[in-house]
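S.K.: As a plain string of letters, each chain reads:
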Amino acid sequence: RVDEWTDVDRKRVMNDIISTMFNKKFMEELFKPQDLYSKKALRTVYDRLAHASIMRLNQASMDKLYDLMTMAFKYQVLLCPRPRDILLVTFNHLDAIKDFISDSPGILNQVDETFRRLIETYNCLSDGEFQLIRQTLLIFFQDMHIRVSIFLKDKVQNSNGRFVLPISGPVPWGTEVPGLIRIFNHKGVEVKRAEFSTAGNYITPQREGSFELYGDRVLKLGTNMYSVTRPVETHMSGSSKNLASQAKENIAPNPLAKEELNFLARLLGGLDIQKPAGGESGFRLNLFTTDEEEEHAAQTRPEELSYKVINIEATQEPGRRAELSRILGELDVAEPRPGSAEKGEDLLALMDGL
Amino acid sequence: SQAAWCELPSRVLLVLTSQRGVQMYEADGSTMVFWHALDVPELLAAHSVFARGIAAAGGRFICVGTSFGAVLVFDIPPKGTNVTLSEVLEQHRDPITDIAAEQGQAPDGAGDLVTADDSGTLCLWSSGEEFTLLGKIPGSGCTCSSVALWNGIVAAGYGNGQIRLWEAGSGRIRAQVSAHARWIYALDLAPLTGKLLSGAEDSFVHVWKLSRNPDTDDIEMQHCHAECVTDTQVCGARFCDPAGDTFAVTGYDLSEILCY
Numbered sequence: 001r002v003d004e005w006t007d008v009d010r011k012r013v014m015n016d017i018i019s020t021m022f023n024k025k026f027m028e029e030l031f032k033p034q035d036l037y038s039k040k041a042l043r044t045v046y047d048r049l050a051h052a053s054i055m056r057l058n059q060a061s062m063d064k065l066y067d068l069m070t071m072a073f074k075y076q077v078l079l080c081p082r083p084r085d086i087l088l089v090t091f092n093h094l095d096a097i098k099d100f101i102s103d104s105p106g107i108l109n110q111v112d113e114t115f116r117r118l119i120e121t122y123n124c125l126s127d128g129e130f131q132l133i134r135q136t137l138l139i140f141f142q143d144m145h146i147r148v149s150i151f152l153k154d155k156v157q158n159s160n161g162r163f164v165l166p167i168s169g170p171v172p173w174g175t176e177v178p179g180l181i182r183i184f185n186h187k188g189v190e191v192k193r194a195e196f197s198t199a200g201n202y203i204t205p206q207r208e209g210s211f212e213l214y215g216d217r218v219l220k221l222g223t224n225m226y227s228v229t230r231p232v233e234t235h236m237s238g239s240s241k242n243l244a245s246q247a248k249e250n251i252a253p254n255p256l257a258k259e260e261l262n263f264l265a266r267l268l269g270g271l272d273i274q275k276p277a278g279g280e281s282g283f284r285l286n287l288f289t290t291d292e293e294e295e296h297a298a299q300t301r302p303e304e305l306s307y308k309v310i311n312i313e314a315t316q317e318p319g320r321r322a323e324l325s326r327i328l329g330e331l332d333v334a335e336p337r338p339g340s341a342e343k344g345e346d347l348l349a350l351m352d353g354l
Numbered sequence: 001s002q003a004a005w006c007e008l009p010s011r012v013l014l015v016l017t018s019q020r021g022v023q024m025y026e027a028d029g030s031t032m033v034f035w036h037a038l039d040v041p042e043l044l045a046a047h048s049v050f051a052r053g054i055a056a057a058g059g060r061f062i063c064v065g066t067s068f069g070a071v072l073v074f075d076i077p078p079k080g081t082n083v084t085l086s087e088v089l090e091q092h093r094d095p096i097t098d099i100a101a102e103q104g105q106a107p108d109g110a111g112d113l114v115t116a117d118d119s120g121t122l123c124l125w126s127s128g129e130e131f132t133l134l135g136k137i138p139g140s141g142c143t144c145s146s147v148a149l150w151n152g153i154v155a156a157g158y159g160n161g162q163i164r165l166w167e168a169g170s171g172r173i174r175a176q177v178s179a180h181a182r183w184i185y186a187l188d189l190a191p192l193t194g195k196l197l198s199g200a201e202d203s204f205v206h207v208w209k210l211s212r213n214p215d216t217d218d219i220e221m222q223h224c225h226a227e228c229v230t231d232t233q234v235c236g237a238r239f240c241d242p243a244g245d246t247f248a249v250t251g252y253d254l255s256e257i258l259c260y
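From first to last, the protein sequence lines stand for chains A and B. Per the UniProt record's numbering, the very first residue in the first sequence carries number 1; after that it's consecutive. Per the UniProt record's numbering, the very first residue in the second sequence carries number 1; after that it's consecutive.
Calculated directly from the structure, the hints in this document are not laboratory data. The beta carbon of each residue, even a glycine, is placed where N, CA and C say it ideally should be. Check the hints yourself; a few may be wrong.
[Unchecked claim] Capping the alpha-carbon separation at 25 Å, the derived lysine-lysine pairs in BS3-like fashion look like this:
{"id": "1", "chain 1": "A", "residue 1": "K220", "chain 2": "A", "residue 2": "K98"}
{"id": "2", "chain 1": "B", "residue 1": "K209", "chain 2": "A", "residue 2": "K187"}
{"id": "3", "chain 1": "A", "residue 1": "K98", "chain 2": "A", "residue 2": "K155"}
{"id": "4", "chain 1": "A", "residue 1": "K192", "chain 2": "B", "residue 2": "K79"}
{"id": "5", "chain 1": "A", "residue 1": "K74", "chain 2": "A", "residue 2": "K220"}
{"id": "6", "chain 1": "A", "residue 1": "K25", "chain 2": "A", "residue 2": "K40"}
{"id": "7", "chain 1": "A", "residue 1": "K74", "chain 2": "A", "residue 2": "K40"}
{"id": "8", "chain 1": "A", "residue 1": "K74", "chain 2": "A", "residue 2": "K98"}
{"id": "9", "chain 1": "B", "residue 1": "K79", "chain 2": "A", "residue 2": "K187"}
[Unchecked claim] Derived coverage of chain B by chain A (criterion: at least 3 residues anywhere in the stretch with Cβ under 8 Å from a Cβ of chain A; other residues may be distant):
{"id": "10", "segment": "4-17"}
{"id": "11", "segment": "87-97"}
{"id": "12", "segment": "197-204"}
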């Protein structure tokens, strides 16, 4: 139960998880140009991160946590005023993370390193490139309509699971408030102005958010939703029927995907996982109000929403490495996937280093 | 990925674009007529490569844009599968966003095709055995996401919610509208009436009327109608008839097509 934890425990879990996530090797792997991870792969990485410390979660709580994170992130990406604001959202995330580990200079440094890398890699991208990134992310989240209590209460999500898109407030930086038609003659001189009105109620924005290491981001998306204590509930009844067909697509096992996951798990598992003193199994986080409720949630979770997490065996048998090379070898004969050969070599090289 | 019907005098083809390249099908979807794979240079492996922007031009060609900025021109035979890559137009330096062919009557010297890219640059072409570049309108840093061409008027929708009308012949700006509060995804034109439809992420769809004043030769633009698709980011908007009396709308996370 969460109320048995001490501040020391909380701090420890926070530090462990954050230092695992911002591990140099892991970040290097993430920054390589690559396709979006599959839903299974992402969920597995997430599970691994959540268990990077002495905290444990049962399947039901883990599912709930993942649902929450998924919907929160979908909301942030969807509501970005400009495509490049997804970078500001990321900076908001990092600012909040730095606050959690503000008295651990080593980890703070890791986070700052990643921050600098993000600035270096992404600040120069065009609007079109950001929109492509955003569209790719939105396709990943398409048809997910899990209802989240905090969003329902704040009237940010409707009871059908869809997010509220406001038609008022500041327009994005670089956009004009809609309503003006300007006509120019063949010499380029403005000869007429006309106005039109709509149901929208927009205003001019005050200033642009900062893309530097430190600065006022202006955008509130991506800031800590839980800065005030809030309930952590999600509802799955009434979710879209489309989710069922999506789940079916993901069932066919892809051997290369599994090897990729094993690699990532190894990468994450390569660090010292803190074992709690006295040989206990560690502290368990339950996202439901009682253990019984958690158990019940696990049993009644709709089939189409189960994540079918792949079991990871974090071993370093040479047999596994051979299997990976065999799979990659086979790829050359079939339809060539651009970049996969290079990726295989990198994976093997990195595995040698672990 | 995109899908578009390309109407040529002799046949109608369904053209699909994706990360792999271009596919063309017979109108009933029964056979694949042609397939063109995009050449991915080694150094671009794992970077995004795709085809985007489709238009039928000159009664004989189908033009498809690419993320390299090149526009592929395919010569389409009246029947059969003997489609050939006739030309590669290399005037854009940024990924192509949209391509549009003249839907009305082009005035002299105005060209019959417009191509747009991520930087907002527009190129005007005259189609033929060899396509001729007639003019280039430089972008001002904002992505031009969607274009239409009618009676020598280029209608361009931008990522910052603006619609601009350009004179195709001279390349001069003739109208500027602060039309939407978010990224414009779709523009469509009804050739019989000059109605323009715009759909954007701000949930709004607007209907405008374009016309030319015969005395001053000024281009007129009026706002006719606004529709708000509540809580939906509009991704597609098209007139259902050439006069623009009805239109259809699609959106993100929306499994329905809404008709107005």
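S.K.: Hints first: check each against the structure and report whether it holds.
M.R.: The hints, checked one at a time:
Restraint check for K220 (chain A) and K98 (chain A): the C-alpha separation of about 17 Å stays at or below 25 Å, so the hint holds. Of the pairs offered as hints, the one joining K209 (chain B) and K187 (chain A) holds, with about 22 Å between alpha carbons and a cut-off of 25 Å not exceeded. Straight-line distance between C-alpha atoms of K98 (chain A) and K155 (chain A) comes to about 29 Å, which puts the hinted pair past the 25 Å bound. The straight-line distance between the Cα atoms of K192 (chain A) and K79 (chain B) is roughly 50 Å, outside the 25 Å bound, and the hint therefore fails.
The hinted pair formed by K74 (chain A) and K220 (chain A) meets the criterion: a straight-line CA distance of about 15 Å does not exceed 25 Å. Restraint check: the Cα-Cα separation between K25 (chain A) and K40 (chain A) comes to about 21 Å, which is no more than 25 Å; the hinted pair holds. Taken as a hint, the K74 (chain A) and K40 (chain A) pair is honoured in the structure, with Cα atoms around 17 Å apart against an allowance of 25 Å. Taking the CA atoms of K74 (chain A) and K98 (chain A), the gap is near 23 Å; set against the 25 Å cutoff, the hint holds.
Distance hint between K79 (chain B) and K187 (chain A) is unfulfilled; the C-alpha atoms sit about 47 Å from each other, more than 25 Å. With 0 residues having a Cβ less than 8 Å from any Cβ of chain A, the segment 4-17 of chain B misses the three-residue criterion, and the hint is violated. With 3 residues having a Cβ less than 8 Å from any Cβ of chain A, the segment 87-97 of chain B passes the three-residue criterion, so the hint holds. For the segment 197-204 of chain B, the proposed coverage by chain A is satisfied: 3 residues have a C-beta within less than 8 Å of a C-beta in that chain, meeting the threshold of three.
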